[in-house]
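These are the residues of each chain, in order.
Protein chains: 2
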Amino acid sequence: MNGAQALLRTLAEAGVQVCFTNPGTSEMHFVAALDEVPRMRAVLTLFEGVATGAADGYARMAGHPAATLLHLGPGLGNGLANLHNAAKGGSGVVNIVGDHATYHAGYDAPLQSDIATAARNVSGWVRTSRTTAGLPADAVEAVAVASGPPGQVATLILPADVSWDDGAQPAPPAEPAKPAQVDQAVVRRLAAVLDGGERTGLLLGGRALRERGLVAAARLAAARGVRVLAETFPARLERGAGLPGVDRLAYLAEFATAQLAGLDDLILVDAKDPVSFFAYPGKPSRLAPDGCRVHRLTGGPDDVPATLEALVEAAGATGAAPQLRQPATPELPSGPLSARAVCQAVGALLPPGAIISDEAQTSGIFLAEATAGAPRHDVLCLTGGSIGQGLPVAVGAAVACPDRPVIALEADGSALYTFQALWTMARENLNVTVVLFNNRSYAVLNMELDRVGAGSPGPRARAQLDLSEPPVDFVALASGLGVPASRPETAEELVADLRRALAEPGPHLIEAVVEPIF
Amino acid sequence: MNGAQALLRTLAEAGVQVCFTNPGTSEMHFVAALDEVPRMRAVLTLFEGVATGAADGYARMAGHPAATLLHLGPGLGNGLANLHNAAKGGSGVVNIVGDHATYHAGYDAPLQSDIATAARNVSGWVRTSRTTAGLPADAVEAVAVASGPPGQVATLILPADVSWDDGAQPAPPAEPAKPAQVDQAVVRRLAAVLDGGERTGLLLGGRALRERGLVAAARLAAARGVRVLAETFPARLERGAGLPGVDRLAYLAEFATAQLAGLDDLILVDAKDPVSFFAYPGKPSRLAPDGCRVHRLTGGPDDVPATLEALVEAAGATGAAPQLRQPATPELPSGPLSARAVCQAVGALLPPGAIISDEAQTSGIFLAEATAGAPRHDVLCLTGGSIGQGLPVAVGAAVACPDRPVIALEADGSALYTFQALWTMARENLNVTVVLFNNRSYAVLNMELDRVGAGSPGPRARAQLDLSEPPVDFVALASGLGVPASRPETAEELVADLRRALAEPGPHLIEAVVEPIF
Chain A
374 MNGAQALLRT LAEAGVQVCF TNPGTSEMHF VAALDEVPRM RAVLTLFEGV ATGAADGYAR
434 MAGHPAATLL HLGPGLGNGL ANLHNAAKGG SGVVNIVGDH ATYHAGYDAP LQSDIATAAR
494 NVSGWVRTSR TTAGLPADAV EAVAVASGPP GQVATLILPA DVSWDDGAQP APPAEPAKPA
554 QVDQAVVRRL AAVLDGGERT GLLLGGRALR ERGLVAAARL AAARGVRVLA ETFPARLERG
614 AGLPGVDRLA YLAEFATAQL AGLDDLILVD AKDPVSFFAY PGKPSRLAPD GCRVHRLTGG
674 PDDVPATLEA LVEAAGATGA APQLRQPATP ELPSGPLSAR AVCQAVGALL PPGAIISDEA
734 QTSGIFLAEA TAGAPRHDVL CLTGGSIGQG LPVAVGAAVA CPDRPVIALE ADGSALYTFQ
794 ALWTMARENL NVTVVLFNNR SYAVLNMELD RVGAGSPGPR ARAQLDLSEP PVDFVALASG
854 LGVPASRPET AEELVADLRR ALAEPGPHLI EAVVEPIF
Chain B
374 MNGAQALLRT LAEAGVQVCF TNPGTSEMHF VAALDEVPRM RAVLTLFEGV ATGAADGYAR
434 MAGHPAATLL HLGPGLGNGL ANLHNAAKGG SGVVNIVGDH ATYHAGYDAP LQSDIATAAR
494 NVSGWVRTSR TTAGLPADAV EAVAVASGPP GQVATLILPA DVSWDDGAQP APPAEPAKPA
554 QVDQAVVRRL AAVLDGGERT GLLLGGRALR ERGLVAAARL AAARGVRVLA ETFPARLERG
614 AGLPGVDRLA YLAEFATAQL AGLDDLILVD AKDPVSFFAY PGKPSRLAPD GCRVHRLTGG
674 PDDVPATLEA LVEAAGATGA APQLRQPATP ELPSGPLSAR AVCQAVGALL PPGAIISDEA
734 QTSGIFLAEA TAGAPRHDVL CLTGGSIGQG LPVAVGAAVA CPDRPVIALE ADGSALYTFQ
794 ALWTMARENL NVTVVLFNNR SYAVLNMELD RVGAGSPGPR ARAQLDLSEP PVDFVALASG
854 LGVPASRPET AEELVADLRR ALAEPGPHLI EAVVEPIF
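Line by line, the protein sequences give chains A and B.
Each residue of the first sequence is one higher than the last, beginning at 374 in my numbering.
Each residue of the second sequence is one higher than the last, beginning at 374 in my numbering.
In isolation and in its complexed conformation, chain A is listed as follows (with noise of 0.2 Å):
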């Protein structure tokens, strides 16, 4: 068989059986060998931003890679973005780019270029397969790579040659990685720093935000008093009534400097030591108080679960009882449409076992308030702070999870980087719905350029930062890309749209026009 067909082979019997798609000439024979290899699900997409953030969605809510399929150069260059956003959050990525032919590859044609790269940035591994019969065990190490722990981008560069050369043979898949043993002394010594009590912090990032990892450190809050806060964008938390809550550190450095204040320990916990978004004149990077002391519990190829519930019984805790997040939703709004009421609106109206990806920006600050009660459900954040993330990671959650409602809370700035995405939600039929927050602006941003300084801005500034002129018509985007939509004018029709949207199958997008934050 051919190169193209092993490698599809290759990758749906190691488990990676959903390939994000937008190919061109050079993969040609990677789309003939669909045919042959049904387990393999192709989900097209019309730009490789919707292509590599899909993927990243997969990740999270699967727990394992897709593959994505890129043309060239610059089909990587358009999913650079989320790939480092897949990269920052630990998701792992196979990430198939074909190239030219490597005899064409020395001839300049228009689209050479030179493919790794552009794909470090972004890739805990890269490789160039050289041959067909070589390609299988290839394509076995970028599913390793990417599978981790802990998840990265494997960028495998396919040449077209490559691909259509007879020869191959598929390859089994690796044996999964074991995470690494618990290491009981770094536990015993950081059992010892809890006695700091609520001058101790625990910082939970990544792997610890899912169930485990929260209940295990609200024992340890509730037993030991110790203070606990998660990272600020997670990849993926698991929230709602009868989980532990946690607050996640906040954006502005103002904000998680407080949160931080008084703590003489912290304990990172899969998590970074915290720092600033972005750098302020006169303003420090890293948050957490000076003095503080800032210790690595976990992370990397451990077991970041275990490893937490080994300080747990190091801290003898086991038998303290977590305290857990009561139902409670909030009133269903009504009045005048505002941030603050589509909030409530999807607290309120938020189905059991619902996927929240949050890309709302400035009009979701009031979310985690008014989903801290809902039913159960996990919230995908904006891991490295690259927009144009939140409606390709809904896609990729919907394929991940078709029984799971996937509610993707959108900026109207953060929603026009990766609109194309709202096609491939209408082809794949998936069940997603889009709440577009259309404040006509990069509020984030007019609230910034106070914050950096930069004095008081006239009026060319200010039209940098205006999304008016023309204002953009979602509801007409969205038609436009096969989703139906609508414009609610009121608390009211919002909810009554919201509830439609959620009960039918399918996409829906609501645009909610409403008045900025900032």
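Do not rely on the hints blindly, as some may be mistaken.
[Stated by the list, open to error] Part of the chain A face toward chain B, derived, beta carbon under 7 Å: (1) Leu407; (2) His477; (3) Ala533; (4) Leu697; (5) Ala721; (6) Pro724; (7) Gly726; (8) Ser759.
[Said to hold, decoys possible] Just the calculated beta-carbon pair ranges, DEER-fashion: (9) Arg493(B) - Glu514(A): 23 to 29 Å; (10) Lys656(A) - Met374(B): 31 to 37 Å; (11) Asn802(A) - Thr490(B): 38 to 44 Å; (12) Pro725(B) - Glu862(A): 45 to 51 Å; (13) Thr490(B) - Arg585(A): 34 to 40 Å; (14) Glu514(A) - Thr490(B): 56 to 62 Å.
[Stated by the list, open to error] Output of the computed footprint for chain B on chain A, the stretches with three or more beta carbons under 8 Å from beta carbons of chain B: (15) 388 to 401; (16) 766 to 780.
Quick caveat, the hints were computed from the structure, so don't treat them as lab data.
Since the model is a prediction, treat every value here as computed from it, not as a measurement.
Ideal Cβ positions, reconstructed from N, Cα and C, are used throughout, including at glycine.
Fit chain B to the given chain A structure using the hints.
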């Protein structure tokens, strides 16, 4: 003054007075400085690929570079595909990428990445400006590199603190580069090659495809019988009645090989040794016949038209009369809509001085013939093969030439990569008429699937090339972004809509639903 203010003054003084932007927090001082430097026009885009493609289109028509303003590594990532096209086409771009403050870079904040590495692929020059005092001089160097000849992408990485710190002074512009002297030895040597008559070819590219180069080549054709061809996808080709016509080398290698058949010598005039766009199994990458000698007359830093004129003189052809295209326009089409009918309508109605941004792909194959005798116009092609270029290039061309009508001929698949360009057309009230060929497929790939020998594709492979489920409604998309749009059903309606769009100022979109050619 602060770094940003000095940077903007330096750029404006050096003739860079347009900046295509998509800023974020780290660029807020640049944005704030816009009110201090009114000579700099900032054109906001919703997506970085629009900004970089617009800078490309601007450079092609203005003959000098515009700047971009992008947000860190992911913003650059989103702009890479159209920077690739700009680099391949020799368009100068002063590509400004904001970065974290220098002291913040070590903290691995979410948006931290290695911008310089990602930029290298597409940039002839990359520099991170490390001090506020040194920033203006860096900007002068960036403008010089971008201006060429040849034009290049010069990437200036701008840390936030270098922007906001005080103590900068604007730098004076550099002396314009003088093109290299004509190499008379090469000219004399190649004048002898012209003795081959029709067995000698001239392949014109880049700066040879403007009036002076075309006339010079046409004199050689008239005097010596040499075969004149143009590269496949010129950055800017002057055409129409009163100019010498020139056939472009075909995209399909089979046809290109036929165009070059029988040549003993091929002289490259600011063009590359022609190669197949993609590799195909069992087919050669190079297109010139075996044994054909390939010579380079001029390119790079040379004065290209002057060198070509020197060849005319050396060949004693100065007095030869070039054959010029006579005015001739196709009849107005009638009856059912088809790609051919649309091309005929464009040819029949093309206004004098029009700029055509051609990304019509397969649907545009009738265009060259239909517009050959139209009033004089420029055609801007897809230089680097990365689709999603046509609409952004139209934005840039319209900003560069506000008094000339711009017509963007777009394929549906290509348009959907950077459709956000429509919003900038509306916001800036640019005089662009978009004619959208919607054949509801990646039609070129249907052809390529066969040409690469991928066998008889099954339904799953075909589905990867199909854009009909759901069909994209471009009238809705355009309306959603503020551009008036129509969907004529017949050729007569198309003609009426095209007349109206060309007569009215501001942007319009006309969606033509047509059958695929292949």
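| request: Go ahead and decide if the range 31 to 37 Å is satisfied by the Cβ distance of Lys656(A) to Met374(B). | output: 22 Å, violated
| field | Interface hint compliance - Leu697(A) to chain B, C-beta minimum distance less than 7 Å | value | Status violated, d = 30 Å.
| field | Status of the hint placing Ala721(A) at chain B (closest C-beta pair under 7 Å) | value | Since the shortest Cβ distance to chain B is 29 Å, the answer is violated.
| message | Using the nearest Cβ pair, does Ser759(A) come within less than 7 Å of chain B? | response | 3 Å, holds
| Would the stated hint for Pro724(A) survive a check requiring a Cβ distance to chain B of less than 7 Å? | 25 Å, violated
| Measuring from beta carbon to beta carbon, are Arg493(B) and Glu514(A) in 23 to 29 Å? | Because 26 Å falls inside the window, the suggested range holds.
| request: Given the hint of 45 to 51 Å, check if Pro725(B) and Glu862(A) actually sit that far apart at their C-beta atoms. | output: Given a distance of about 48 Å, which is inside 45 to 51 Å, the answer is holds.
| said: Given a cut of 7 Å on the nearest C-beta pair, is the interface hint for His477(A) held or broken against chain B? | reply: 4 Å, holds
| request: Under 7 Å, Cβ to Cβ, is where Leu407(A) needs to be relative to chain B, so tell me if that hint holds or is violated. | output: It holds, given that the least Cβ distance between Leu407(A) and chain B is near 4 Å, below 7 Å.
| request: Given the hint of 34 to 40 Å, check if Thr490(B) and Arg585(A) actually sit that far apart at their C-beta atoms. | output: 38 Å, holds
| Verdict on chain B covering the stretch 388 to 401 of chain A, where coverage means 3 or more residues with a C-beta closer than 8 Å | It holds, with 6 qualifying residues against the three required.
| Counting residues of the stretch 766 to 780 of chain A whose CB is closer than 8 Å to a CB in chain B, do you get three or more? | With 0 residues in contact (Cβ-Cβ under 8 Å with chain B), the coverage given for the stretch 766 to 780 of chain A is violated.
In this structure, the hints that do not hold are numbers 4, 5, 6, 7, 10, 14, 16, in rising order.
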